[in-house]
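Trainee: Protein sequence lines, in the order shown, are assigned to chains V and Z. Position 9 of the first sequence, counting from 1, maps to 628 under our numbering, and the rest follow consecutively. Position 129 of the second sequence, counting from 1, maps to 748 under our numbering, and the rest follow consecutively.
Read the hints as simulated data drawn from the structure, not as lab findings. Since the model is a prediction, treat every value here as computed from it, not as a measurement. Keep in mind that a hint or two might mislead.
You can't tell identical chains apart in this list, so a pair holds if it fits in one copy or across any two.
Here are the simulated SDA-like pairs of lysine to any residue, each with C-alpha atoms no more than 20 Å apart in a straight line [stated by the list, open to error]:
(1) Lys751 - Gly658
(2) Lys705 - Cys747
(3) Lys786 - Glu650
(4) Lys680 - Ser818
(5) Lys638 - Arg677
(6) Lys680 - Ile752
Number of protein chains: 2
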Amino acid sequence: MSQAEDKSTKSPIEVSIPKAVVHRLSLYLRELQHLVREGNETTSSTTLGSRLGLTDARVRKDLAYFGQFGHPGIGYRCPELMGEIKRILGTDRQWQVAIVGLGNLGTALMGHRGFADQGFRVVAAFDCDPGKIGSKIHGIPVYHIDTLETVVRDARIKLGIITVPAKAAQTVADLLVAAGVDGLLNFAPVTISIPTGISKVGVDLAIELEQLSFDVVNRS
Amino acid sequence: MSQAEDKSTKSPIEVSIPKAVVHRLSLYLRELQHLVREGNETTSSTTLGSRLGLTDARVRKDLAYFGQFGHPGIGYRCPELMGEIKRILGTDRQWQVAIVGLGNLGTALMGHRGFADQGFRVVAAFDCDPGKIGSKIHGIPVYHIDTLETVVRDARIKLGIITVPAKAAQTVADLLVAAGVDGLLNFAPVTISIPTGISKVGVDLAIELEQLSFDVVNRS
DNA sequence: TAGATTGTTAATCGATTAACAATC
DNA sequence: TAGATTGTTAATCGATTAACAATC
Numbered sequence: 620m621s622q623a624e625d626k627s628t629k630s631p632i633e634v635s636i637p638k639a640v641v642h643r644l645s646l647y648l649r650e651l652q653h654l655v656r657e658g659n660e661t662t663s664s665t666t667l668g669s670r671l672g673l674t675d676a677r678v679r680k681d682l683a684y685f686g687q688f689g690h691p692g693i694g695y696r697c698p699e700l701m702g703e704i705k706r707i708l709g710t711d712r713q714w715q716v717a718i719v720g721l722g723n724l725g726t727a728l729m730g731h732r733g734f735a736d737q738g739f740r741v742v743a744a745f746d747c748d749p750g751k752i753g754s755k756i757h758g759i760p761v762y763h764i765d766t767l768e769t770v771v772r773d774a775r776i777k778l779g780i781i782t783v784p785a786k787a788a789q790t791v792a793d794l795l796v797a798a799g800v801d802g803l804l805n806f807a808p809v810t811i812s813i814p815t816g817i818s819k820v821g822v823d824l825a826i827e828l829e830q831l832s833f834d835v836v837n838r839s
Numbered sequence: 620m621s622q623a624e625d626k627s628t629k630s631p632i633e634v635s636i637p638k639a640v641v642h643r644l645s646l647y648l649r650e651l652q653h654l655v656r657e658g659n660e661t662t663s664s665t666t667l668g669s670r671l672g673l674t675d676a677r678v679r680k681d682l683a684y685f686g687q688f689g690h691p692g693i694g695y696r697c698p699e700l701m702g703e704i705k706r707i708l709g710t711d712r713q714w715q716v717a718i719v720g721l722g723n724l725g726t727a728l729m730g731h732r733g734f735a736d737q738g739f740r741v742v743a744a745f746d747c748d749p750g751k752i753g754s755k756i757h758g759i760p761v762y763h764i765d766t767l768e769t770v771v772r773d774a775r776i777k778l779g780i781i782t783v784p785a786k787a788a789q790t791v792a793d794l795l796v797a798a799g800v801d802g803l804l805n806f807a808p809v810t811i812s813i814p815t816g817i818s819k820v821g822v823d824l825a826i827e828l829e830q831l832s833f834d835v836v837n838r839s
């Protein structure tokens, strides 16, 4: 029964991966980037864990979901593990990203250094303010939202960032999906509906402050 | 032994509340705000849950951590429940907030509507660019970072938002803590260390995109 | 070899769901 | 009363931790 167990090749999704694990994968990647900058060639689950407030067992278990990346007695080689995590997260490639809604936040995100650093390139922005359309912000062209479908298709944009007011978010989501994007990052404080097969992540910055507020009020 | 069980008054922290529960509390609050805007006076755990992709049991269980807010046969009265959640989150009051680091993101957050809507008032901003100091952005005064301690104390600022580059984040965190803030919202992509008793929430926007990327690449 | 550290199994812990008596 | 919906208990499910043989 256990004749030809396929050990080395973990093909995409045999077991479904908990969201928390994927999130920590990003944390590991970020920490590895720091470690490399500090001149480390290898690291260990203990180091990685203690820097992030996790147990060493947790780190090893998380990575074990995806394969065997460590070396007993040695630890993990930083560049190697970084490569593996990027491959798993899908950031071993460049993603073309569109931003819709050029209020304060949308405009800021067009120039957000952290996106470029991790392989996300904002290549188009959309708004309906005639004063902005046709201009470039942070070197990125601003288009009228009516041209979204064409521009998104032509530029092979696969991820969309929604920074419009809450009441416009669903409409914009529908537009982006119709234009063929695969995933949406939604900053509007509403739950948007999307077809199955499309991915979605929601970020509500006020919620983060609320979590902080709770913590402050209820700490012992 | 079970004589004088204290049933009605759930005093702060008997059992420690899972983070996930507190996060959903914010989601409930947001959804209740929408429901009220749509003209609903009451709602149910089923409605609330299905709008957020949760089971009704989950909603009731989450709320039960904090008390009995519902009415059997009727459901939850929206304004009542909103009030309770705000009280639990600590957003039944106004918080004075400072932002440190006026790059793209910091500047944008100074005018972020969502913060004000939930009771967070950005009352001071700090940078070290002489071109910005003394000016007002979105009506908020910009100070030199050297004056942080005085300004933060005088304005009774209890929450700090860090939007400086990664390498400056720890220094800024130390400054804010020394000035007497109780909580930090950190947008720099590093783990910052803070004394016990101080609260911290970290947001790395690139991580959110990485989670999206993973989802897109690994969906079935 | 001795020391370090992995990947993985078993034991623990915690969170979620299902079910239902109690209540309006 | 009948229908709706709560708060809560018990059962299930999943994630975390501890421990350790295997390996460099």
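Trainee: Give a verdict on every hint.
Mentor: For each hint, the structure was consulted:
no. : hint            : result
1   : Lys751 - Gly658 : neither (44 Å within a copy, 36 Å between copies)
2   : Lys705 - Cys747 : neither (35 Å within a copy, 35 Å between copies)
3   : Lys786 - Glu650 : between (38 Å within a copy, 13 Å between copies)
4   : Lys680 - Ser818 : neither (26 Å within a copy, 28 Å between copies)
5   : Lys638 - Arg677 : both (14 Å within a copy, 18 Å between copies)
6   : Lys680 - Ile752 : neither (49 Å within a copy, 49 Å between copies)
Against the hints set out earlier in the document, violations occur for numbers 1, 2, 4, 6.
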